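Asks: Keeping the supplied structure of chain A fixed, place chain B upon it in accordance with the hints.
Residue numbers (our numbering), protein chains in the order written: chain A, 1 to 266; chain B, 1 to 261.
Hints are computed from structural coordinates only; laboratory data are not their basis.
Be a bit skeptical, because a hint or two may be false.
Unchecked claim - Using C-beta positions, here's what the derived DEER-type ranges look like:
| no. | chain 1 | residue 1 | chain 2 | residue 2 | range |
| --- | --- | --- | --- | --- | --- |
| 1 | B | GLU26 | A | ARG217 | 20 to 26 Å |
| 2 | B | VAL82 | A | ARG217 | 35 to 41 Å |
| 3 | B | GLU84 | A | ILE7 | 32 to 38 Å |
Note that the structure is predicted; figures quoted are calculated from it, not measured.
C-beta: ideal position from N, C-alpha, C; glycine also.
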Amino acid sequence: MKKSDVIRKAKYALWIPRKITRKPAEKGAVISDLFPLRSDEHWQTHFELLNVSGLISGDNSSTQDKKARFVIFDSEGTKLAEKLIAIPPSGRRTIRLDKEFDPSVTAASSFAVFHEIPDQALDIGESFLAERGYTGYARSDSQIRGYVHGNFDALAYKDGKIQTIGNKGILPRFYTVQHPLSGRATYEFFLSNPTSRSVKVRILKGQDGKGWAEVERFKLSPRGSRIFMIESRDEGASFIRIRSRFYLGRPVVFRIAGRGFDVFHG
Amino acid sequence: MFFPLFKALDLEGFLDLGYIAANNWENRESRIMNIYALWSDGYCWRSKLFDVIKNGEVLHISSTSIKPEMLKTGMCLFYPTVDELAPRLDVLPKDPYWFSHVPEWRCTSGLMNESAQTSYQAEIYPLPSKASMLTFHPFIQFNNIDNYLLVLNVTNEFAITSHEIELFNSTNLRKHGTATVKTNSASVIPLDEYGFTANDLPLFLSRKMAGIPFGLGVAKDGSMLSLEHTHPPASLVLFGSRKEVQGKIKKNWLQRIGDLR
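Next comes chain B alone, as it looks inside the complex:
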């Protein structure tokens, strides 16, 4: 499990990493941890010992405090470990030292400017390198705001590959356009140029890359930022075979979109 620091537009990225478990029964880890920064340069995973952290401490990391090359893809991962990592890795390390399930062990990851900040409780697991993403996006706002889609992707492999994301109106399936997203990166797509209206529910489909999609809103005067991720389709139901239902939902939509291509 990794903690993402990402950067978008001219906003500063930040990460507050607390060495404090969310609950008092799952993980009682208290050893001093090495905090490694990990980023892909397209040829391998690069790693660098960023800091060490003691139990109970908080580490505040800013995109302005790390070298630009570490954020060339828009995203740098942070990983707590008691081990030492080689400076170049073929795949991401696997051993989790901070983990819990109720809830997941998370950090605060977000974006800020001089006036405002926005964040979410973040953790990120590597996604399959061959997967897809289908998401509905109800976050576009109008008046005094710029809207973006932010997609985070991490895979175990270091390759940075580009993929197409298609933008549809989910009701009439009119295609509003396409954009590009990348693996092991934070991809930012300006949404205002695609012509969605206040009552449209956009559907975004990436057929060859999974990702975590966010709506990012930036007030034109900079006084407020908004960031939230959408749920995967499986969250439309609870209990039973959610994975199976998620498969059916994706199949239903792909069939309809495919029929109209």
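In isolation and in its complexed conformation, chain A is listed as follows:
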């Protein structure tokens, strides 16, 4: 092994935390992703509310008094509003966020969904109930919703307190979005901060043979989030690299082309 590789591995063995997510401090806490919330003249956000504790126990018909706490945040991670929504007795309820949170939704950037655990304890041992979610996005001119599941576990909730559970390291590192940007399209990348400290982020764009060039830099507050945009033209594939102290600085990607769009976690 080369000397530089040994140094690199030693450095990261020392400084990279082992887990993307920290265990919640409180036993009995519930976990949620921090989902992108898009609500304006172009976008609507829908969430598929399911009976998660019923899915675990194997009885989806038992929904009496079960609720899920929806919390919406602005781009600085400040809580804007929260609402308890009843778990549907039918198995699935598609929640339209702009209808539930009008008018505060206009300033929102992300949301979380914390399920209330029923009185009778769930048989999940030392595990924590988690909402990894299915969020559907629609544009004003799109016929159907594009779905994406949760990107990574970000927040834990217990007794009115919200804890960030994402990890970050001491050294900055790269996360290269593995999707090559190609074709004529607008790319929008949603990046959130699931950690308890502010994090500086640099966005780099790389193209074959041209190296990496910084296109944007910003700071994300705890629970904060931001969308940055990259235009792609028919000039070959390019990549986006995120430099930060996040252990996993993975964005949700929206690729908009024509009347349709594609959404996926990067």
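Replies: What follows is chain B alone, placed relative to chain A:
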């Protein structure tokens, strides 16, 4: 680890394979790689050198650019290696050259038509040949859309075998019907004919075959496509013994469904 190219309906399948690691500490591979196509013909795994790729390059592969026999099962796997592979194999090759864990090394795999494309970040590991799949499917949409269940399966062995998948309403456990899925294939099942409503959460159960289940939506006018996979039941919890919890969840549901059969 393999990268899947799949085809469904009259849509074109595509795969964007980037030789670029997602992070800067796990895998520093930079050798020129052979990219092999692998597909099962039911008698063996067939392999063919498709291309070579240099570090930093991207390979765009379309279902229209490979021979139809390679996509007869609806799915063809792509595998980067520095080795040469024999044209016929009894089992899939095992050595991973592109790998990482935070996150997994992935490609972009999806479907497209003249107006739209949909994709997910894909990698696929062979599944046990004796396993089951239980999944909840919240992706059915209504008005101006056709809904499908897409199931990808890969096993180390080359056999292509058919198995039943049962479709239930997860709340009242009413059985809406059955369909067929196949190993080492991409199976596509039209969902609109099973009578699920907007507030139903369908439960799909394949007792003898594991798979990766996707919801595929196609706007009737073709202007938009949607593709996303569901999580396995283990993702309903975090930390602790997730595998054990997954086992309990499956057992709970199988008991209830079994009780009502």
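Asks: Give a verdict on every hint.
Replies: Checked hints:
no.: 1; hint: GLU26/B with ARG217/A: 20 to 26 Å; in the structure: 25 Å, holds
no.: 2; hint: VAL82/B with ARG217/A: 35 to 41 Å; in the structure: 38 Å, holds
no.: 3; hint: GLU84/B with ILE7/A: 32 to 38 Å; in the structure: 34 Å, holds
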